[in-house]
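Sequence order for the protein chains is A and B.
Just so we're aligned, residue 1 is where the first sequence starts under the working numbering, counting upward by one.
Just so we're aligned, residue 1001 is where the second sequence starts under the working numbering, counting upward by one.
For the record, the hints were derived by calculation from the structure and aren't laboratory data.
Just so you know, these numbers come straight off a predicted model, no measurement behind them.
Some hints here could point you the wrong way.
Stated by the list, open to error - Here are some of the chain B residues that sit facing chain A, going by a computed Cβ distance under 7 Å:
# : residue
1 : G1058
2 : F1073
3 : E1084
4 : K1188
5 : L1247
6 : G1261
7 : L1430
We treat Cβ as the ideally placed atom computed from N, Cα and C, and that holds for glycine.
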Amino acid sequence: MGIFKKLGWYFRQEAKQYSLGVLFLSLVALVNLIPPKVIGSLVDAMDKRSLTSDRLLLWLALLLAAGVGQYVFRFGWRNAIWGGAAKLEKTLRTRLFWHFMKMDATFYQKHRTGDLMAHATNDLNAIQNVAGAGILTLFDSIITGGTTIIAMIFFVDWRLTSLAILPMPLLAVMARKLGMKLHAAFARSQAAFSRLNDKTQESVSGIKVIKTFGQEKEDTADFNQIVDKTITINKKVNFLDALFDPTTSLIMGLTYVITIVYGGYLVLNRQISIGQLVSFVSYVSALVWPMFAIGRLFNILERGNASYDRVNLLLQERSTILEASDAITTPAHGDLRFKVNKFSYPGDDHATLMNVHFTLPEGQTLGIVGRVGAGKSTIFKLLLREFDQYDGVIEFDGHDIRHYTLDALLDSIGYVPQDNFLFSTTVADNIRFSAFDKNQGQVEDAARESAVHNDILDFAEGYGTLVGERGVSLSGGQKQRLSIARAVITTPELLILDDSLSAVDAKTENEILTNLREQRADKTTIIAAQRLSSVMHANEILVLEDGHVIERGTHADLLANHGWYAEMWAKQELEQKIEGETLG
Amino acid sequence: MKRLMGYTRPYKKQFIGAIIAAGLLAAVNVLLPQVLQRYMDDYLSKMSATTAVIFAFGGLYAVGTVIKALFQFFQTFLFAMGAERGLEDVRRQLFKKLHSLGMRYFDQTPAGSIVSRVTNDTMTLTDFWNVILSVIVGLFSIISSFVTMYLLNAKIAMTVLAFLPVLLIAIWYYSHYSSKVYRHMREKLSELNTKLNESIEGIGIIQQFRQEKRIATEFEATNSEYLASRNAMIRTNSLLLSPIINLLYSLALVAVLWLFGLISLHSYVEAGVVYAFTTYTANFFNPMTNMMDSLSFFQDGVVAGSRIFRILDNTEYAPAQNPDASATIATGKIEFKHVSFAYDGVHEILHDISFVANPGETVALVGHTGSGKSSIINVMMRFYEFGTGQILIDDVDIHDYPIEELRAKLGLVLQDSFMFYGDVASNIRLFNTSITDEQVVAAAKFVQADRFIEKLPNQYHARVIEGGSQFSSGERQLLSFARTVVTNPKILVLDEATANIDTETESVIQEGLRRIRQGRTTIAIAHRLSTIKDANLILVLDAGRIIERGTHDELLAQQGRYYDMYRLQNGDVD
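Looking at chain A on its own, in the form it has when it is part of the complex (with noise of 0.2 Å):
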């Protein structure tokens, strides 16, 4: 019951929708009371042959009334009551997406898409269950099933009345512990469902693989072997839902027993008429669905609970990235000196940079070659503040970087990520993805700047192709290129490139790095690249290993060095060297 406590900011929100709906709900009840009562009224006096045709009409006049009660009064409360879960489900969604949205890449890193989305479906839909069929199966069995069992010992008998409902309790003892089994089961076949998906999945991306290695039988049998589990554990889950009807069945069966063998002996006995007996049936298989409901109910409400905690810690997570309150709001330009003396990953020990220090004159460009995991991306997350838990100081134009409003750091930095996301829009929403008030025109001197634009032309519907599953499929150097087109639209003050033209041919490459020299001639530029060729023109060139700088300069100075810098260029080149030809 603790659920509806925490969930009592809601419905106090919603006060006069769910009062409303409740009210709906006692009404269809005492609704509900009077066609057994007339039903059985009516027996009597037939069977007593004292009916006169003004009782008849009376009677039925009365059912007719309840009849139509019942329909605008059922329809008031699904109303009231669904759509206030549906309204709850909505307003958690939209509380959990501006979370998500302001979270940080600590949240993210600790958290994993599919996991997110499930709090987001599933978790809230529990919550939803508890506003809606919750609250209608504590109402529905408080007051239909109390307003029943007065009925049946004030219109009937007590003594039959407390010896039939004797049975009752099984049911809600049954719905609880057959829907408990039921929902693991259930769990169970859906992580089945998952798995059979997984191996379609990859059996769908790895299909040229198994072409090639011609496993197609093979591959086929293994899929045969997953339905074949698939099925043995849905064997469960079919054989534990058959069960609650006939279980249902049963215990009403015996209530039914109950109600012939002892209501009969009452009959007999003259203590209740037969009319009587008759609306006791009804009331005894109007009582079925509230019994049901209580077991129902706890099922659903240690879910919803459950959910409501996962959800609320979710969303009591704080992002490690603050504002200071009397931010800079003016946008960052000016040189950039960045000077860190260490910084380790949330929960790693490991130092992922370790004295990296540089200044970064406005206008100039600056390399960051290294190996996979030396720690070039680490330097950009500083950078746009996806961390600030370091020691040193970052500053443009000589304030802290942690000084700015995100907006105004974050709105002069361009960034080309490694991994190219695009959003399933249009190719022109992407790439005034940061500016939407951009038009045609600048989108295309963007997409010119990033070499893409004659491969745009080349789509279906040029900039209003869909990107994604729905639309193209880009291949992978024009995904970057795109990326790229999305950072300099704006012309940002500083744009970085985390080895963004990998999988650009080498003369793509030039025509782009040229083009951004053209352009951005006073702005500021970061490349990170595997290729020494995208950074041989920077003004300084650094070298990581495992978060240190082993050499900086020129790629002159570099290469007169000696070091790494000019042992990868010389491995790059090695065969150009034999034709006799010097490097650039």
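Based on these hints, arrange chain B on the given structure of chain A.
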């Protein structure tokens, strides 16, 4: 529709069993109120019941209930299992069919939609079969109740029947209207979840470009649309589903009691008959809610079914070999003779490609993206059927080799090294159980993948998670080399990885490549020209044509396209 039902045929027994149980259940449901009716009219009204009679009726009712429970169980369980097995059969067939389709199908169809056909759409079929069950159960219940009522009092029974047309109209209207509302709601939900998923995955981009507000506003709009569609569904169900059936039941009850009342004004009416009639009237209307509820799935089932059939009827099969193909590859000579190819049959991707790779030689393919390098590999691997020309292996037409022979003797190393669920060893051996653990280890050693594998916990039995994301792309590349080496192919087809391998892993990879090429005819796509300088023949491709050919030295001497590419790649451009 007929075809959808066809899949239930192998499980006829279960389905027929379920239907028989449903029929018997309907009979028991008719008989139980009869027990009560007889009891009331023959014994209670007449005050003639003895204790023995009372207990006899109690016992009779108890036995009836037990039988009813059994039938209920069998009806539900048998039908559910029949549906389950039928559904899994459709899945198996779909999966098998997918493996017979050519690469063209997979290129043109997004992976997500194929997966959804195999898993989700088949699931919808279960709902479809359930519609059939609920209709059958409903009909049994309606007919049996009506027949019994007719036997008790024909005139009053006909009055109840008069409500049927109204009911049918309600059912038709509901299923017609609600399936639209329901589909709209589902669409909105899937739109909502897609947006949510994408926003989580793209959170880095959203935050970096400060678009949180815009994205949240867009999401809120979809969220509100979903709420509106859900409220429409709630209203539809409240207006038209169970409340309306209940209303009609009440009206029928009024009519029944009115008629009994009229009779009783001038003659005797037995209490039990009235009781039985009210119960049967309830039985007559009760199954309707269920039927109407499930009918909204009918349309979904038909739609899902037609999507499934589109795959099952697809004829874009993988290229076929000659029916009596039986040649074997001995030396591994490859010859392309004037080969042309178009993916869509219209726009040619390869024009008049001719070259010879003698046994043990290496032929390298270079050129820009889209120049046709991959297409040469695709037609040679028989992923696609080429148009004109001829491909010969050991001077025998490629069509004359059984596909198994080609798969066994042609080893393709793919650019993106796909990793499967399982462990390291199973990723090297794949499903080929004839490969021993020793062979797996030897293959890994051969390409020097053993260095990193042996550092893993559990080494060769280390679990591969999420497509091998724990390995660097260089390591994955080495694993895929081992995968090829272990099958010991005669001919090697290499699609060199382009990016994201640091130079040190690169040298291990180059060494691995050098080793596996030894003694094998090799066709290689190279992005780094430096790696192929010892090739026996280099083909420079542009727009599907060979524009230059020769050895590395010859091509450099020509100072043509290859020469430019080579200089460009080495940064020697300014």
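Each hint tested on the structure:
1. G1058: Status holds, d = 4 Å.
2. F1073: holds (5 Å)
3. E1084: holds (5 Å)
4. K1188: Violated, because the Cβ-Cβ distance from K1188 (chain B) to chain A comes to roughly 11 Å (cut-off 7 Å).
5. L1247: holds (4 Å)
6. G1261: holds (4 Å)
7. L1430: holds (5 Å)
Consistency note: the structure conflicts with earlier hint 4 alone.
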